[in-house]
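Given the coordinates of chain A, assemble chain B onto it according to the supplied hints.
Protein sequences, first through last, are from chains A and B. To convert, note that position 369 of the first sequence is 369 in my numbering; the numbers rise steadily by one, no gaps. To convert, note that position 155 of the second sequence is 155 in my numbering; the numbers rise steadily by one, no gaps.
Calculated from the structure, these hints are not laboratory results. Please read all numbers here as calculations on a predicted model, not as lab measurements. Careful: at least some of the hints might be erroneous.
[To be verified] Using C-beta positions, here's what the derived DEER-type ranges look like:
1) B/249 with A/434: 52 to 62 Å
2) A/203 with B/138: 23 to 33 Å
3) A/175 with B/138: 36 to 46 Å
4) B/8 with A/193: 21 to 31 Å
5) B/132 with A/431: 25 to 35 Å
[Claimed, not checked] Partial chain B-side listing against chain A, Cβ under 8 Å, derived:
6) 4
7) 6
8) 65
9) 68
10) 111
11) 114
12) 141
13) 150
14) 151
15) 164
16) 166
17) 198
18) 217
19) 229
20) 232
21) 239
Each residue gets a CB set at the ideal place from its N, CA and C atoms; glycine is no exception.
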Amino acid sequence: MVACLFVPPSSTAGVRAGDASRLIDVARRCSPRVEARAANLVILELEGLERMFGDLEALGARVCQAARDAGFAPVHVAVAGTRAAAMLLAVARPGVTIVPADAATETLAALPLRTLLVFAPDGSAQALAVFARWGLRTLGQLAALPAADLSARVGQAGLLWQRLARGEDACPLVPVVDEKPFEATHELEWPVESLEPLSFVLGRLLEPLCQRLERRDRAAAVLSLHLRLVTRETYTRSLELPAPLREPKVLRTLLLLDLESHPVPAGIDAITVAIEPTPGHIIQESLLERALPAPEQVSTLLARLGALMGDRRCGSPRPVNSHRPGAFAMAPFRVVEDARTVAPVGETGVRVRASVDLSRRDDSRAFVPGGTRIPDPRSPISVVALRRFRLPIPARVLIDSGRPISVRTERQGLQGGRVLAWGGPWRTSGEWWQVGSAGGTSELDRLRGRAGWDRDEWEVVLGDGGIYRVFEDRESGRWFVEGIVD
Amino acid sequence: MPAACRTNLEALLRARKLDRTLVSADRAAQGRNVPGTAPTGLPALDQALGGGLPLGHLSEVVGPRSSGRTSLMVAMMATMTGRGELVALVDSFDVFAVETAVAAGVDLTRCLWVRGETCTPAFPLLASRQTGTERAIERALKATNLILQAGGFGLVVLDLADAPARALRRVPFTTWARLQRVLEGRECAGLVIGNAPMSRSAGGVSLVLEPDAGRAGVWNGQGGPTPMFGGLESRLQIQRAHLMPGVADRSVRLTAAAQVA
Numbered sequence: 001m002v003a004c005l006f007v008p009p010s011s012t013a014g015v016r017a018g019d020a021s022r023l024i025d026v027a028r029r030c031s032p033r034v035e036a037r038a039a040n041l042v043i044l045e046l047e048g049l050e051r052m053f054g055d056l057e058a059l060g061a062r063v064c065q066a067a068r069d070a071g072f073a074p075v076h077v078a079v080a081g082t083r084a085a086a087m088l089l090a091v092a093r094p095g096v097t098i099v100p101a102d103a104a105t106e107t108l109a110a111l112p113l114r115t116l117l118v119f120a121p122d123g124s125a126q127a128l129a130v131f132a133r134w135g136l137r138t139l140g141q142l143a144a145l146p147a148a149d150l151s152a153r154v155g156q157a158g159l160l161w162q163r164l165a166r167g168e169d170a171c172p173l174v175p176v177v178d179e180k181p182f183e184a185t186h187e188l189e190w191p192v193e194s195l196e197p198l199s200f201v202l203g204r205l206l207e208p209l210c211q212r213l214e215r216r217d218r219a220a221a222v223l224s225l226h227l228r229l230v231t232r233e234t235y236t237r238s239l240e241l242p243a244p245l246r247e248p249k250v251l252r253t254l255l256l257l258d259l260e261s262h263p264v265p266a267g268i269d270a271i272t273v274a275i276e277p278t279p280g281h282i283i284q285e286s287l288l289e290r291a292l293p294a295p296e297q298v299s300t301l302l303a304r305l306g307a308l309m310g311d312r313r314c315g316s317p318r319p320v321n322s323h324r325p326g327a328f329a330m331a332p333f334r335v336v337e338d339a340r341t342v343a344p345v346g347e348t349g350v351r352v353r354a355s356v357d358l359s360r361r362d363d364s365r366a367f368v369p370g371g372t373r374i375p376d377p378r379s380p381i382s383v384v385a386l387r388r389f390r391l392p393i394p395a396r397v398l399i400d401s402g403r404p405i406s407v408r409t410e411r412q413g414l415q416g417g418r419v420l421a422w423g424g425p426w427r428t429s430g431e432w433w434q435v436g437s438a439g440g441t442s443e444l445d446r447l448r449g450r451a452g453w454d455r456d457e458w459e460v461v462l463g464d465g466g467i468y469r470v471f472e473d474r475e476s477g478r479w480f481v482e483g484i485v486d
Numbered sequence: 001m002p003a004a005c006r007t008n009l010e011a012l013l014r015a016r017k018l019d020r021t022l023v024s025a026d027r028a029a030q031g032r033n034v035p036g037t038a039p040t041g042l043p044a045l046d047q048a049l050g051g052g053l054p055l056g057h058l059s060e061v062v063g064p065r066s067s068g069r070t071s072l073m074v075a076m077m078a079t080m081t082g083r084g085e086l087v088a089l090v091d092s093f094d095v096f097a098v099e100t101a102v103a104a105g106v107d108l109t110r111c112l113w114v115r116g117e118t119c120t121p122a123f124p125l126l127a128s129r130q131t132g133t134e135r136a137i138e139r140a141l142k143a144t145n146l147i148l149q150a151g152g153f154g155l156v157v158l159d160l161a162d163a164p165a166r167a168l169r170r171v172p173f174t175t176w177a178r179l180q181r182v183l184e185g186r187e188c189a190g191l192v193i194g195n196a197p198m199s200r201s202a203g204g205v206s207l208v209l210e211p212d213a214g215r216a217g218v219w220n221g222q223g224g225p226t227p228m229f230g231g232l233e234s235r236l237q238i239q240r241a242h243l244m245p246g247v248a249d250r251s252v253r254l255t256a257a258a259q260v261a
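With the rest of the complex left out, here is chain A:
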């Protein structure tokens, strides 16, 4: 049996903000399993409560009295065998209504058809309008219609409304569950000063938290660790996970890797782990496509790589909207989950042109003259790659007749030498209108600190056979090696 507690919107108290939670509190005084269907309508499951509170009349009276004690008046209370019947009766009849389970259909038959609007509070029930045009006025008339004919005319929605009119439930009860914060704290008897004992404590804290997450079909989006130190300070680390996770071992590993990169400055007295939940991540695997790495794997890998190589040294490169040489941005690496099609070999957009090494060359596939095209990713000819020095290497360059004839640097393995062939210059400049943070001690620092750039680029072949890109900073007149063409 179930009971329905309904507060009519037209009551003197009305339904104010916050009344929904108050109504749930009232219902919980009478039953542990409560479903909130609307701000002014809650359902209570009464199974097994008879021995505690008496028969159904006593239960109904208790629910009504509890609501009145909480300041809700007037209230409608209905007790029936199904939730649908209880809701319809509570909406239609004031006071306390008790209907035995076997008499629900007969009792509901007399109720007006518009009572069904309680199941569609936004008025989206178009089928009810159709029933009204058919001349149906009561729930009994709708319940008496032949199901096959009703389905043929209105579809499955018509059958659903007919089941509700008969007092039959369409879905199970969904009880309200308290949203307790996903947080756990552990006070240590002795301070912990290393990661190994800390990992055991983290495991003890994370396992029940992850069990709760799994029961609630949630996963961690942000993982926070608050460490109370012996110095009375609180050391906090927060990890924004790239994908929702609820594996305790993975979360513990991520926390330990982060603490390895950011050591705790003192001994730890108390540990608090807090998780911001998010709906669980559901992945539908495909039989025809190769499985992508799991989010747990990617998160752990990125954390390990970050601990090894340093923060912001791992990610996915992104081009930026700038003509500045070497400009790029780093984005977090995410596994792209879209419809993938594995192309057959040889049908990809870009490839390096190649031909079997025969004595004759295929002249029809000769070079596209340099400097006459913008690279097209669909082109059958690839582009030459550059190995770019993030900070250009200062060079000493001899000039003759306006072109470099010798390039030398202080770098071991990059001594330079005589220029055997050359191309250029390409003059580029930009962002000279930006105000930069000019400063620094060396020429290179000054060059880096300037917001804009203005330079002449050359490609030169040096004595070691390598092709280098060098440039002259036109403002300072200094030369630099920017990279190696490879």
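The following block gives chain B in isolation, referenced to the frame of chain A:
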């Protein structure tokens, strides 16, 4: 007697889990133990290799500066990402040019870029400061190991082209063996870029690049007032490919054009 010795040897290797480190030419000729392949983006090379680089093995592309190693690497990354695969690049000395990859058509959203030590004056490749270089190589090897263990990538590239030969010689053989062991049996192609052969696994492929006819690059308008760099032409030789009989010593021509925006 030789058959018994061979059986004993194979049993010993199997007991030590090293049975995949040796490849029998007979078995390869019979078409067994031939793994799947990852296309390189060069149709002629893929044709010569029977589809591309073998999966589950560590291959290498070696050659001198400006021989087209990086161009081949970027072309392969573009091909693999174009097929929907994830690609990881361990850039030991942080020299990867993103604009080049964009121009080559690499889907950067499928690319994990691990940036090593910045090759700057503050981090010189000086003989007196080899410790820093060795540290960078060690970190790059560890990062490659982590990526291979994590799995899920179709291509993992370790770029050691700027590493001095002396530092690479100090890398223990067991390190390469560990990488090869991790890679075995995975649907992933391992690729090492370097100056000289160093790390190919038993079933991997060694591709050696040399500038074509000993000249560096192609130059347009030479003799004129403003000659232009036109691109690279190299000869790519398949030096070793034990799992692919009849492939070794074949060569293809690699051509890549200079980009001008």
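Of all the hints given earlier, name the ones this structure violates by number, lowest first. 3, 4, 6, 7, 12, 16, 17 and 21
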